[in-house]
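Go ahead and model the full structure; you've got the sequences and the hints to work with.
Protein chains in written order, with the working numbering: chain A, 1 to 570; chain B, 1001 to 1162.
Non-contacting residues of chain A with respect to chain B, defined by C-beta distances greater than 12 Å in every case (computed):
id : residue
1  : Glu121
2  : Ile363
3  : Arg497
Stretch-level coverage of chain A by chain B, calculated; a stretch enters the list once three of its residues show a Cβ under 8 Å from a Cβ in chain B:
id : segment
4  : 70-81
5  : 182-192
6  : 211-223
7  : 253-260
Since the hints were made in silico from the structure, they are not lab data. Heads up, the beta-carbon is just placed ideally off N, CA and C, and yes, glycines get one too.
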Amino acid sequence: MKGDYLYAGKILWVDLTQRKVWTTPTAAYAGKFLGGKGIGVRIVWEKSSLPSIDPLGPDNALSFNTGPLTGTMMPGSGPCNVSSKSPLTGLLSVSSFGGSFAPELKYAGYDHLVITGQAKEPVYMAIDNGNVTIRSAADIWGLDTYETPKALRKELKDEEIKWACIGPAGEKVIRFATIIGELRDSAGQTGLGAVMGSKKLKAVTVHGTGGLHVARPERFYEVCARTLEALKMSNPDKTISIQSYRRDEERQKTTCFSCPTRCGEEYETSAIRDGAIYYKWYAEMANKIGVRDMTIWRELALSINKYGYDAASLGDITAWVTELFEQGIIDEKDVGFPLARGNSEAYLRLAKTIARREGFGDILAEGLMRAARSIGRGSEKYTMLTYAGDSKEVTGRSAQFYGHFAEEIAGIQLAFPVEDAGKAKMIAEAEDAIGRTEIIGSCKWHTELNGLPLTSDVHAEVLSVGLGKEITANELSVYQQRVRQLERAFNCREGLRREHDTLPAQYFTDLAPDGHLVGITMDRSTFEVMKDRYYTLRGWDLTTGVPTRATLESLDLKDVADDLEKGNVN
Amino acid sequence: MRYIISIESKTCTGCRICEIVCSLSHTGACWPERARLRVVSEETDGRIDSVPVLCMQCEVPACRLACPTGATFEGGPAGALLVAAEKCIGCSACVWACPFGASELDLVTGVAHRCDQCDGDPLCVKHCPTGSLRYVPEDQLTIAEQRRKLEAFINIQRMIRG
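Below, the structure is given as structure tokens:
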């Protein structure tokens, strides 16, 4: 293990069709892609390599990724990154969930877990250090994400397992199903739970008792301790955690492994059963569909959690269907019951029909783009789609989400929504900061974007003392640039081009019906200029939006350039 | 004066920073399995309760009494129950005797270990983000506990009176 500092050292591969399990050294990938999402994207690039590969078929690879810092003392080293080809968009899919699944995977000896193939009958995987088994999930198939871990602990007779599973939504291959971990945080966007469901893989459990060696333990401790204390001082609870609406119902805050930021909330209510909620949901659900009744809202959150599907996609779909209803495009006969804005009971009912694929819910379970296509009647006009079927950027990291931090990195003027001059650079910088955390194995909230003392210098320093070799902030940035190019190359190989990088039509016609931005719209030519600027920053072809050979080769990605050329992608 | 690390399970979020810091300072690796305290978590219907388990510095230490070779002794600035590694034969007697599960055999060395209070400056306490671990003189531990009981009593009185 010496010389393999911070890494567990192995990638665990599983072929569910052949029921075969094997390992390879992580080092084969780490030199070029460092770890976490970097290696995860590379694996999906190699395994799901043909555009014809069905995301829900046996050939698609599903990779659980940890980075070199995962499972260490560095604050925020808990999240597990997951990558695959998305059944919702057909493009690259990357998301992550918190907890301690990823650290446990490393303690068991694996930096990555890559699943290919498709089981004939429902199975789950049990990883107990070197002992990896594929077991029948006949008894747990159909259970929700609250019952599943209980059943797994009982069956394995092990209370210490960490787990990730899908709920009934994943089993029914709802295209925006999630993979849920022990804190009820999920790898939410772009349908990774559907990929798991299509492979008939109900859950993965891990129990590991190993450790991660550190090159310079004293220095590593010092840097981590300094960061931890600075993080505590910067009051991250106020910056990125949710503020409880009802103090009396809040039970306590929850957090991931090795993190002082308590961004989850557990609640107790007498009206419904207890549960846990994460920050983003307020933004994703409550705002989009205007549910102000917290009891109903929490019941909705709990049901999303238990069935295991994405709050963001569900929010989009619910808002869209409501608008169709208001516009008279669909009516009670289509839906089966009346829908009205803010009618919480109806929303709850709609959510359940989707999760069970019942009636109208079966159409919506296919995701916004496909649902709009099958409903027709001009309903597409009301979707807030960008490209490829989701309202979000491909990997689920929308820069829009960081709008309120824009001021801090770009200044008040550039942060103004219709000011275009600095936007391209701002987006690129935000992407690079978040991307950096994802390849080193840290939480993506843990960046300077959120006003936290976690800059690339800090990340480079902690990696250097941990790995025992100097990594500068610049070198770290090169890893991130390389991974960003690979992400884009993957999507271009799937057919993504410049014309697909667009905004919902409403942005160009009537951006805001009310509020202080009323009457302001995005100008198409201004938008194209912004794209030019961004492409130039990234080194992409201005006509096609594909990374140029020169860009790829400068980042040591000649093979990627060759591959794109072979597929006539240029 | 003896010091005790007091545990407040109500505020513990289960982040396990204590485990990581402990293992890093004692073994040079991030290795929770070899930490001298463990966070035990129990899940009930989606809610997770966590509590750190570590040496309570018993007045009559069962670990010391059970040890056949006299490897466990009171030492350090605050009388922690330390293990003399050269005397330990790895028999697990202290592991079985401890009423809290706070003595363990090290996974690698096979020698018994428990919390040594980091020579009077416990790192778990220092870095606990919620203050759930506190390093307190043993006489103050009691008064803090008594005050908590008083609060509970007052709450009950309020409930009865409406």
